[in-house]
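Put the two chains together into one complex; each comes in its own frame, and the hints tell you how they fit.
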Amino acid sequence: MNIEQMIPILASTVAAATPLAYAAFGELVTERAGVLNLGVEGMMLVGAIAGFAVASQTGSLGLGFLAGTLAGVLLALIFATLTLSLQTNQVATGLALTLFGVGLSAFIGKSYVGLSLNGLHPMSISVLGQIPFLGPLLFHFDIVVYGSLALLFALQWFFTRSHWGLVVRAVGESPASAHAIGYPVIRIRYLAILFGGAMSGLAGAYLSLAITPMWVEGMTAGRGWIALALVVFATWKPMRVLLGAYLFGGVTILQFYGQGMGIHVPSEILSMLPYLVTIVVLVLISRNPKTILLNQPMSLGHSFYPHT
Amino acid sequence: MPNLERRAQPSTLMMFASPVIAAVCMLITGYLLFTLLGKAPLHAYWVFFIKPLTTAYGIGEWLLKATPLILCGLGLAIGFRASVFNIGAEGQLTMGAIAAGGVGLYFNGMDARWILPLMMLAGIAGGMVWAAIPAFLRTRFNTSEILVSLMLVYVAQLFLGFLVQGPWRDPDGFNFPQTKMFTEAEMLPLLMEGLRTNISFILALLLVAASWFYSHKMFAGFRMQVSGLAPAAARYAGFSEKRNVWLALLISGGMAGLAGMGEVAGPIGQLQPVISPGYGFAAIIVAYVGRLHPLGVLLASLLMSLLYLGGETAQMDLGLPSAVTGLFQGLLLFYLLAADIFINFRIKARKRPLEQIRTVAQVVPEEQS
Chain F
1 MNIEQMIPIL ASTVAAATPL AYAAFGELVT ERAGVLNLGV EGMMLVGAIA
51 GFAVASQTGS LGLGFLAGTL AGVLLALIFA TLTLSLQTNQ VATGLALTLF
101 GVGLSAFIGK SYVGLSLNGL HPMSISVLGQ IPFLGPLLFH FDIVVYGSLA
151 LLFALQWFFT RSHWGLVVRA VGESPASAHA IGYPVIRIRY LAILFGGAMS
201 GLAGAYLSLA ITPMWVEGMT AGRGWIALAL VVFATWKPMR VLLGAYLFGG
251 VTILQFYGQG MGIHVPSEIL SMLPYLVTIV VLVLISRNPK TILLNQPMSL
301 GHSFYPHT
Chain X
1001 MPNLERRAQP STLMMFASPV IAAVCMLITG YLLFTLLGKA PLHAYWVFFI
1051 KPLTTAYGIG EWLLKATPLI LCGLGLAIGF RASVFNIGAE GQLTMGAIAA
1101 GGVGLYFNGM DARWILPLMM LAGIAGGMVW AAIPAFLRTR FNTSEILVSL
1151 MLVYVAQLFL GFLVQGPWRD PDGFNFPQTK MFTEAEMLPL LMEGLRTNIS
1201 FILALLLVAA SWFYSHKMFA GFRMQVSGLA PAAARYAGFS EKRNVWLALL
1251 ISGGMAGLAG MGEVAGPIGQ LQPVISPGYG FAAIIVAYVG RLHPLGVLLA
1301 SLLMSLLYLG GETAQMDLGL PSAVTGLFQG LLLFYLLAAD IFINFRIKAR
1351 KRPLEQIRTV AQVVPEEQS
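Protein chains in written order, with our numbering: chain F, 1 to 308; chain X, 1001 to 1369.
For the record, the hints were derived by calculation from the structure and aren't laboratory data.
Dumping the calculated BS3-like pairs for lysine-lysine here, alpha-carbon to alpha-carbon at most 30 Å:
id: 1; chain 1: X; residue 1: Lys1242; chain 2: F; residue 2: Lys290
id: 2; chain 1: X; residue 1: Lys1039; chain 2: F; residue 2: Lys110
id: 3; chain 1: X; residue 1: Lys1051; chain 2: F; residue 2: Lys110
Okay, chain X solo, but in the shape it has when bound (with noise of 0.2 Å):
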């Protein structure tokens, strides 16, 4: 066990290093790992993390795969901040592709301009309904938001599944699991001919800016932080914890739902049993690795979407299965809470006996929370 010695102040040097620590650690794992599966493992890295950036195409694939990330890891984060632990991003994502293909599919075929925007509400409503329920449980019974909302994931997508193979598929589709595709009035513009990127990725940043403002200059952000950092703070001070939770899972459930409307009436176009490759729980990863702050959830992003990316085509060009990706994900995550040591704890050299001696509030053991 290193010996630690508790900082007299968190180090602000160390907040910002741990992410980079984290991520260099995950590149000397990945090596180590290509070199286990006999890959070369520098041309390995080429392939994972170069690659994919060289072409046009590539990069727009890249802004596509890092918006969902963006969106729902800002939500989440705010719901991190104050200490509401909505995991089920994943399931609100799924409501959110639900209901803004339902709408869809309703209008489908009619070429108005307001689809698109009803959509859009519908999406983040779906959302925001399927958080609403671990907000109701935990403010009304006090049950724990982490296993309901967790739970929740395999209902919504449960249903969805339901609904692609029984009442929503589509009757010309060869009885294959899915609906019919969505109409160019249904679907969001792209940002650029031949690229896949659309402006959901200009809202996601639009979101980013106004998640800042939120969290950092309005009162309703400061008082969420406060309850999540000072619980007994925050009650002395007469924050309601009841509406930081409602708050917390609305405002991540509804940018979880909006990411689902992103992606069924952008790169997929229709509803399928699957929607996202688990981009509600990658966003988890997303938050802590962003430190919880709108700017780092968008760096986070980026790096994630490029580990999706860099699974794909290390699948096709070295043959390595794209689960890697969750692997390394997954080995992000654990090197950044394991580097978060030094931003309270320092290491120390062991004392020799003489300097041990210590006042009795040094000796007393000191009981954290």
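Same shape as in the complex, but just chain F (with noise of 0.2 Å):
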């Protein structure tokens, strides 16, 4: 294989691995102030059919995406809502959030099957474009791309350079520290858990906006789910949430490259690779129970209650 050919195989897998960047992103965020959110698959799909209807409706990608986001963080205020203000259990309410996100896109979706839409373009750097080699490579992407990078250097320095990072933080690891020291637990809880919302909603919009334009029922494919593997792969850290994503995007386009670089396997054991890989990684990563320890928000999945 020549380099030429290696061009759309490594933009695809970036193409591939952007939503679950974000969804990553967004999760590793509400982890980090201690809330597991397992609703990301239903609010990606609900992003996806808003930012999908909307964009129809509208002709208009970026209205598209702004529902998608904005469809994300009201599923994630519903959870937030149950968890942190109603006190309910935050994996029975995960669970309930993509349950009814697989129910509720599948609702709404039903108008817009079969329908297509022109999807989002690479944006055109002109003259880096024209770069050999690395030109194809590196600039020509479209803008949600980059966006994913910009949001990786945010969420790295929002982490470890800012107040309210450390704050984020802290509230992860002890909400009754954080909540002595007179920091807003739940607010703060409530924004980290709208930010994973907007996030995956955003996920969602890039799937039927970007890489595949049209709806198809349940078209995430358990997308969510693996982006909450990729935040335990990741160990809670930015960096790895995003080679973890190109990672897996690597192995999903797999299934469309395997037959034409001469893998004679039928495409439905192909398409299993993701989620095995997905089970490989997490066994390599949790077989060290300090690995996982040392890097878990001490508070995650807890739901705390401040009395005053």
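Structure representation (structure tokens):
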């Protein structure tokens, strides 16, 4: 295989990795604040249909992405209200959010099945794109892909260099202590959950507006769950989330290029790969209990209710 | 934010009332939704919840669809009691269907009495093997059973797709992705002529009793419950966490596998790319709405099965997408979780400042796990 053939493969790896990265970044922030939201898959699905519906009604992809993001925020708001204000169990509520999202998206999406629209195009960075090999490799993506890189640096800075980033981490490690020194734990957790919802919604919209510009019931196909696994795999560190997302993106597109690369395996078997790789990766990372214990936010999954 | 006060003791009344509250809230939302969609709400209610049950055939379908929900829900409830979150019942159901279907295809045409029990055992074994993977990974490598069991759902469904597209496809089936039909000897006997309900419903009822006995009368069930409610106490008492994980996953996997067998050897009668309309996931809702109690699971299954059935009649009579079923199911669980707050908390009127004087113990925030 020569370099010319590599470029489309690398490009579609990045495209497949981008929604995973966004959803996992969002969940990372939520989990760093001590909240486990298992509803990523549901929020992505609703983001996907909301984005597609608005984009095909208005003809504007920008509005589509906005709608997808907002839909994710709205679903996350339900989750936040239940788990933070009403003290419900986070695991059960997250599962409920996913089941609800699957149902809601299928319901709204019924009238959009079979439609298609003009998907998101790569940006043309005129001069840079002309550079041989590097041009098409680095400067030929859409704005959402570059956004994921910007988000990585923003998160990296936020969690290590900013005051409020440290506060979020404190809330995730010990909400009681954060509360005792006067930080609004519940409000911070609300914001972290809503941010997670926004990113999941955006990730869903990217699926239905850029990768395959149409709506198919259940089109996320477990990507929300893979994003959850990515956060564990990345030991709650933004940089590793992105690396993990590219790894999974590569595995995901293997099914499309597998036949061409001379791998004669039925497509169903190749499609199993992302799920199997997720399991293997989870095993590798959680094999050593210390890895998880040292990195996982201490209060992850536990609810907290301030009595004042 | 409501002003909540922790009850001294969980309220037993609310424990039983909250599923009812949740169902009523779901109905109210349904009323609004139907109005919003321009359907006469009362007529829509009738079509959704009453009409399916007005014929003997309808009642047969109701019990038929409740069967896999009962089987999966019972198993999941046992696991959830022990805080083992198997959410891959859909995959275990699929593997059970594949194993049972494989046995059926292998002995296809042989008219022997032992084929059906063998298919049943194969179904249970298929579900158990699939659930054993997360059990092994959790006990050996500490891997989250939530994510592993869920990932295996997709793997099982793709595997089924591969089998019916490829090696197991019916050679005389006009290239449709499905296997041969099973013969009479490979199908579960029907309860009544003219209905599709088969003996797996009776089996499910027996398992409701068995699972009540297991979780309320047997030491093994007690051990699992203690591990779920008070892990530290369970460790102190020397209850093995690993055994609980294995038991919870094997039981729920086996039950889901049996449900899968019941689908292919019952209403479907062959292997197809899709075996279940999400029974394994709906069973999660069933388990919670049924309060993780076998009798509750039975009632919740009947309600959820009615939602499936109602979705179908609503599609035919009202032109509503049948996906409205999933929407109602999701809402039901949300409302239940929200209503559950009244079990442990009560709403309190905001106090005037003078009354807010409290002892130190009340002021120190308490972290709960």
